[in-house]
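Participant: Line by line, the protein sequences are chains A and B. With the first letter of the first sequence counted as 1, position 101 gets the number 101 in my numbering; the numbers rise by one all the way through. With the first letter of the second sequence counted as 1, position 22 gets the number 22 in my numbering; the numbers rise by one all the way through.
Everything labelled a hint here was simulated from the structure, so no lab data went into it. Be aware that one or more of the hints could be misleading.
So, partial list: chain A residues that the calculated Cβ filter (under 8 Å) puts toward chain B [stated by the list, open to error]:
no. : residue
1   : Ile129
2   : Ala130
3   : Ala186
4   : Lys255
5   : Pro263
6   : Arg321
7   : Ile324
8   : Gln327
9   : Gln336
10  : Ser337
Footprint (simulated), chain A over chain B, 3 or more residues, beta carbon under 8 Å [to be verified]:
no. : stretch
11  : 8-16
12  : 70-79
13  : 121-128
Just so it is clear, CB atoms sit at the ideal spot from N, CA and C, and this is done for glycine as well.
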Amino acid sequence: MTALPPHQLQARLADYLSAQTHAPVQVHNAQPLAGGASRDSWAFNATFGDGTSERFVLRRDLPTRMNEQALTRAQEFALMRAAYDHGVLVARVRWLCEDERVLDLPFFIMDYVEGVSVGRKLMTSPDLIAARAALPSQMAQQLARIHTLDASGLVFLPRPLKNHPARHAVQETYATLDSINAVVPALEYALRWCERYAPAPDRLTFIHGDFRVGNLLVNPAGLAAVIDWEFSHIGDPCEELGYLCMRDWRFGADKLRAAGLSPREPFIRAYEQHAGVTVNREAVTWWEILGNIRWAVICLVQAQRHLSNQDPSIELASLGRRSIEMQAEALRLIRQSDLNGVSTI
Amino acid sequence: MTDRPNLEQLLDAVRHHLEMLVIPAVRAEPKLYFQTLVAVNVLKIAQREVIHGQALLEAEWAALNTLTHAQSPHPSDLHAAADALATRNRELVADIRAGKYDQPSANTRLAHYVEGVVVGQLMLNAPTLAQRLRAEDETGEHPA
């Protein structure tokens with residue numbers, strides 16, 4: 001069984017939480033949360049034996065894995081706990097359950113945090129004008145904190161081959177292209193460029209891996225929580241700075257390169273102040289270019305899921321035609337880059 | 001030949017049906033509403049491809065001839081041309097990976113080629129973005 005009706009979900013969750021807390025728990029008001037094509041998320045209320053009531057979020061696996069590199073729920077639980085203990089703005093995780101008899105698939109439960117995580121809504125909502133102004137500095141601060149998280153206990157995190165994240169990412173992207181038999185000269189041109197100018201990292205740190213406004217919970221005061229940690233890994237922090245600059249993550253506010261919220265340079269300076277490091281701007285641009293290439297390739301992978309009949313869907317089919325948008329952006333950034341002419345191979 | 005309606009008009013009839021009748025009816029179901037909007041957009045892409053697809057394919061073929069110093073004639077049949085282009089692209093990709101376009105002059109010619117192909121495809125698949133990018137280039141006001 002994959003789709004649980006709300007009343008069944010509530011009944012099973014009540015049993016689970018009662019067992020966990022050794023007292024009867026009532027679960028009510030379960031509502032599916034929008035967004036996140038790879039996970040099943042619900043908000044619900046629980047009333048405990050002592051009469052107190054709290055709102056929680058359930059994050060459950062889906063039967064098909066969208067991305068083989070995504071972390072498991074148990075791994076995500078462990079690193080969210082580490083991030084919370086490190087002072088990162090992240091929902092506090094409460095219970096992890098890998099016993100599939102409970103809700104058919106592994107899940108964890110975390111505190112509910114009020115906020116918007118829909119990029120376009122965030123960019124246009126009149127209620128969030130002050131939040132939009134506060135966000136760049138808050139994002140820079142959170143990133144600096146995330147990048148100092150001690151990951152020595154998180155041994156499951158993917159690490160780059162030969163401690164060279166840029167070259168590793170290029171090789172992975174070639175492999176993904178080949179796995180779907182995709183032949184796209186524009187992507188090959190761009191990827192070859194990336195291969196030739198791959199920057200060595202100044203340092204390796206813990207990386208969130210999908211840090212963009214669509215993965216932030218934002219309320220009128222600004223950043224409330226960083227969500228979706230399933231692509232966390234060890235890498236070059238410049239990857240994270242370049243990734244959030246991608247045009248597709250600006251949600252229409254094209255002119256402001258840092259997440260559609262701020263010009264890039266003041267954002268990087270704010271990050272440098274919080275992190276106490278100097279950032280290689282060219283490496284950030286390189287990772288923005290690679291981010292576009294990877295997103296272009298992922299669009300083709302998603303379309304392949306439709307074409308192979310693995311997961312027939314108009315959304316997946318249409319994503320295949322969106323690949324060209326990120327191809328165009330990668331080519332533009334390469335044309336504008338200062339790196340041309342100083343190949344590293 | 002059955003051309004009343006022709007292919008473009010058939011697609012337009014489906015799009016019209018979705019926009020006028022289906023979308024208002026599914027507005028209360030967020031997922032279905034979103035998927036139907038996506039379906040309308042897909043139909044618009046298909047309509048533009050019906051109109052411009054062949055010309056774009058021929059332009060890509062000719063540009064590939066220029067890039068590879070070939071004089072290969074364009075196959076007259078549309079499907080044969082698409083298959084032949086895929087084969088030629090496979091050779092091109094192998095050459096790119098082997099570094100045969102790394103030298104500055106060859107690399108510039110390759111950049112020119114892929115940019116031409118991508119601009120054409122972008123107008124077909126994402127015309128609004130294509131317009132925004134063109135405006136950026138014309139004004140020189142790139143994102144800061």
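Participant: Against each hint, give a clear statement of whether it holds in the structure.
Facilitator: Evaluated hints:
no. : hint    : result
1   : Ile129  : violated, 21 Å
2   : Ala130  : violated, 22 Å
3   : Ala186  : holds, 4 Å
4   : Lys255  : holds, 5 Å
5   : Pro263  : holds, 4 Å
6   : Arg321  : holds, 5 Å
7   : Ile324  : holds, 5 Å
8   : Gln327  : holds, 5 Å
9   : Gln336  : holds, 7 Å
10  : Ser337  : violated, 12 Å
11  : 8-16    : violated (count 0)
12  : 70-79   : violated (count 0)
13  : 121-128 : holds (count 4)
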